[in-house]
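> Sequence:
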Amino acid sequence: MNSDISIVALSLQIALFATAVTLPLGMLVAWLLVRKQFRGKFVLDVVVSLPLALPPVVVGYALLWMVGTNGWIGQASESVFGSTLAFTWIAAALAAAIVSLPLVVRSFGAALAGVDPRLEIAARGLGAGSVRTFLTITLPLAYRGVIAGVLLGFVRALSEFGATIVVAGNIPGRTQTVPSAIFTRISAGDTDAAWRLALVSVVLGVIALAIHNWLLKRSPLSGVGRSNEGRR
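Residue numbers for the sequence shown, in our numbering: 10 to 241.
These are computed hints drawn from the structure, not numbers from a lab. By construction, the Cβ of each residue, glycine as well, lies at the ideal position given by its N, Cα and C atoms. Just so you know, not all the hints are guaranteed correct.
[To be verified] Computed spacing ranges between beta-carbons, pair by pair:
no.: 1; residue 1: 21; residue 2: 125; range: 35 to 43 Å
no.: 2; residue 1: 52; residue 2: 139; range: 46 to 54 Å
no.: 3; residue 1: 180; residue 2: 54; range: 30 to 38 Å
With these hints in hand, go ahead and build the complete structure from the sequences.
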């Protein structure tokens, strides 16, 4: 039972780290794709969406090459910390972030597309800077999609298996997550333990969705969004 708790705790740690990576990155990419016109926009969209079309194993293998001894990330990490990121929980979190990023970007993009750009232009015309306009106009109107994207990315990161097992392995106590532990126990014929962890996965998913719905109803920004919609 203690091992199950440590596995769940590590999985939550990896998913939270991945979400912390995808939140600012996903918002930036979504804003560029929705609000800006530039050369290479199509390429950026394709690159960000590529993990949806590739097997997670391929994503994990590509990341393993980058964080390993021959990759630029791995070489930089080795020169600074004395070791590469391969087969660490950080590598697992990066893999989960890459796989979940397309879902986060799509959710954020849909939310930003629903905000009338004329409101942002009016705010900037009244002297508000880009950051203040985003925090006071864009975010209050797009918060539903932002919350949905964050939770969707978290749940996707929590359930990632293929990419993480390639780049981080399945090392008990170090990189073994709930999905990889389920795989190990099924392979060993320990069906009771596998079902126990599978139930944990279901419970975590239900909790995440419940928090999602609760936040949508209780968020203090909901009144702001409704008042702006009424004025429109």
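> At the C-beta level, are residue 52 and residue 139 separated by a distance inside 46 to 54 Å?
violated (24 Å)
> Does 35 to 43 Å hold as the CB distance between residue 21 and residue 125, or does it fail?
holds (38 Å)
> In this structure, is the beta-carbon distance linking residue 180 and residue 54 contained in 30 to 38 Å?
holds (36 Å)
The structure is inconsistent with hint 2 alone, although it conforms to all the rest.
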